[in-house]
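Colleague: Listed in order, the protein sequences are those of chains P and S. Using UniProt numbering, the first residue of the first sequence is number 1, and each one after it goes up by one. Using UniProt numbering, the first residue of the second sequence is number 1, and each one after it goes up by one.
Between beta-carbon pairs, the in silico distance windows are:
id : chain 1 : residue 1 : chain 2 : residue 2 : range
1  : P       : D280      : S       : S144      : 52 to 62 Å
2  : P       : D107      : S       : D165      : 27 to 37 Å
3  : P       : E3        : S       : A37       : 39 to 49 Å
4  : P       : T169      : S       : S144      : 22 to 32 Å
5  : S       : S144      : P       : S44       : 22 to 32 Å
6  : S       : S144      : P       : S49       : 13 to 23 Å
7  : P       : R130      : S       : Y143      : 25 to 35 Å
8  : P       : E46       : S       : P62       : 25 to 35 Å
9  : P       : E46       : S       : D120      : 17 to 27 Å
10 : S       : D120      : P       : E99       : 32 to 42 Å
11 : P       : P90       : S       : S49       : 31 to 41 Å
Honestly, the hints are just simulated from the structure, not real lab data. C-beta atoms are modelled at their ideal positions from N, C-alpha and C, and glycine is treated no differently.
Take a look at the letters that make up each chain.
Protein chains: 2
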Amino acid sequence: MLERIRIVLIGTSHPGNIGATARAMHNMGLADLALVAPRSESRSAEAISRASGADKILHHAPVYDDLESAVADCRLVVGASARSRTLPWPMITPRALGERLPAELADAEARVALVFGREDTGLTNAELQRCHAHVHIPTNPDYSSLNLAAAVQVLTYECRLAWLDHQATDSAPATQGDAESAEEASDQSPKEPGQAASSEHEAVFGIAWDHPPASHADLERYFEHLERTLIALKFHDPDKPRQLMARLRRLYLRARPDQMEINILRGILSATEKQVARGDQE
Amino acid sequence: MLERIRIVLIGTSHPGNIGATARAMHNMGLADLALVAPRSESRSAEAISRASGADKILHHAPVYDDLESAVADCRLVVGASARSRTLPWPMITPRALGERLPAELADAEARVALVFGREDTGLTNAELQRCHAHVHIPTNPDYSSLNLAAAVQVLTYECRLAWLDHQATDSAPATQGDAESAEEASDQSPKEPGQAASSEHEAVFGIAWDHPPASHADLERYFEHLERTLIALKFHDPDKPRQLMARLRRLYLRARPDQMEINILRGILSATEKQVARGDQE
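So that you can see chain P by itself, here it is in the shape it has in the complex (with noise of 0.2 Å):
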């Protein structure tokens, strides 16, 4: 799917920006570049170097003379704009653009095209006015100019973003069990707020363990043999419990702990213990 995503540049001035383009497009995962009417060299020794190891896509970019041209084979036509000029057109967001895309590829000849315009001006109205939709990242008002690659590598992230979605959609009944796809599934499990801390942690951290997870009569033995070394310490007064044991349970409960911290843990307890009848023998 990336790969029928083209990155169109109109009129590029800086070669450091084509580089950097190059740079964020490989970085997700795209490959097809095109520029148009560029006032700069594409293949200059800052873009090469900007590129970072990504030149390859400049080498092979073709330049265009229009818009029109390079965007011939293309199904759907994207421009990335500032919110609407003279007349109103049909907005998109990134993350909406992104969710749309894999619709949009389904047909394996299907070619969508992301346009950006020139550094100082941007695209014109002409060029807007050929594109299906324009898409606008959201900036702080007061200072919305983006850096032309930054702009690209937060469509091209909402792109991958999209493309793992998918797959992972596409992929059955997730499995849960590499750290790559149980981190997708965090992606797009919707976080209900306000749920139990622990089912939000495991998703929200889509943490890939090394050790499995204690089990309940591990943690219940630990809390047990904390309760006794608490008491031995004379930290802790079962008769006067307060909240003690209640909070170091919900302490611990919440950090969910596998079965090699759960070791740990004890063998601290055990160690302390050795202590207390040290001191308690003379």
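Fit chain S to the given chain P structure using the hints.
Modeller: Below, chain S alone, put in the same frame as chain P:
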């Protein structure tokens, strides 16, 4: 909310990246930049040129010697990182991080830090282990090294989207307290420690939170105290550290202890030290 998100750059070697970071931040409405041991001049001509009008952020950015001091007042510290290193750590996606921010920053005192490492070597293991979680921007596995400012752009974009979403939700039928009015209420009511925060935290974590979360500095003091105690117990040999402290850090950072819990944990350590001293005396 956005003004309480700090971008921390560690050991940046290219002034252009510092400037481009300032521009990315300003575009997305962030302003709090902190530099840790920069390896380049953050106010050089190149930095200012790439900041492209956002150089106010550069001029206000404090310089610290280490990560520790740059994030001491932050309640949540998230490091930008490739997927887990030797010791897996809680991972969060950029989107999930954004979704979490309004809750994390609901308390008007709360600050969040997003930490970015060196262009060549990223964050050290010690730095990564000071973070509650690591955020990974999904990239092409064959070419995963994002430009530093591009990574800042993506994460600050997610911050802005989350803020916009949160505002949109808030401006719906005025239900219970937005952060603003909760704050006013707590200003007026007599200060029972933790009480005003209570309902806010409840909403935030979905559990009955009665005390505000511990700060980074509180946590670091706890970890120092813990290590000292484990050495006294002869449970930990700093010359053969294995991964003991890293594993314990990961466990406690994951649990996000509140101030009362940290007081309890430190109380247990002090009681343990007293026992060790008693045993040593005889």
